Amino acid sequence: EAKAFLDRAATLWLKTVGLEHPNYATTLSNLGLLANRERHREKAQKFFEAALTIHEARFGPMHPQVASDLCNIAVELYYRKHYDEALTRYQRAERIQEQVFGERSLQVANVWRNMAIAYEASKQLNESEQAFSKAIEYLQTAAGAENPQLSPWLHEYADLLRKQRHFAQAEQAEVEAVRIEVRNTIKSNPKPESGRAD
-14 EAKAFLDRAA TLWLKTVGLE HPNYATTLSN LGLLANRERH REKAQKFFEA
36 ALTIHEARFG PMHPQVASDL CNIAVELYYR KHYDEALTRY QRAERIQEQV
86 FGERSLQVAN VWRNMAIAYE ASKQLNESEQ AFSKAIEYLQ TAAGAENPQL
136 SPWLHEYADL LRKQRHFAQA EQAEVEAVRI EVRNTIKSNP KPESGRAD
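Here the sequence shown stands for residues -14 to 183, numbered as in this note's numbering.
The set of hints was computed from the structure by calculation and includes no laboratory data.
Possibly wrong hints are sitting among the right ones.
[To be verified] Pairs of lysine-lysine residues, derived as DSS-like cross-links and limited to a Cα-Cα distance of at most 25 Å, are as follows:
{"#": "1", "residue 1": "K148", "residue 2": "K66"}
{"#": "2", "residue 1": "K108", "residue 2": "K119"}
{"#": "3", "residue 1": "K108", "residue 2": "K172"}
No experiment lies behind these values; they were computed from the predicted model shown.
Let the hints inform the model, and build the full structure from the sequences given.
Structure representation (structure tokens):
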């Protein structure tokens, strides 16, 4: 049903605003996301690439939407095990996000984390470690040292460190991840104040 609605929207945008309009590109991106959910990797990549072409032509090569399209394409390449191609897209997206949002922004942190995972999958463990380190550092700067998002990243980092036989560092990362989880659990479930009889 979702695909039928999106196909209809694409047809309407083509008739009303044309092939090069951002609204049509957004519908293509949504079709790509739907294809992603259905694990139709090549089809999803084609939708994202078509959206990228439109966004680059309309907004220029250094626009955040271009970076988003590049990351979407990289995801599909990653799942198809084209790791070097995925990393090329992520690297370009990182340069755009850094210019637009700043080096230590949440957007840049997310791209570095995705690059770390792609490096690890391609057996480039040293590069993966460096990318994870940057991602964690930038996320701490952008969102704070107690941000819940840090915990799963630290667990992933610890898994990588164990693969490299860096067991002490892996233990430190795990301890920090658990500390953050506990702190956030306490914050979300504060102990009720005890009642007092007057």
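- Task: Compare the distance between the alpha carbons of K108 and K119 with 25 Å, and conclude whether the hinted pair is satisfied.
- Result: holds, 18 Å
- Query: Is the Cα-Cα distance between K148 and K66 25 Å or less?
  - Reply: holds, 20 Å
- Message: Given the hinted pair K108 and K172, is their Cα-Cα distance within 25 Å?
- Response: violated, 38 Å
Of the hints listed earlier, the one the structure fails to meet is number 3.
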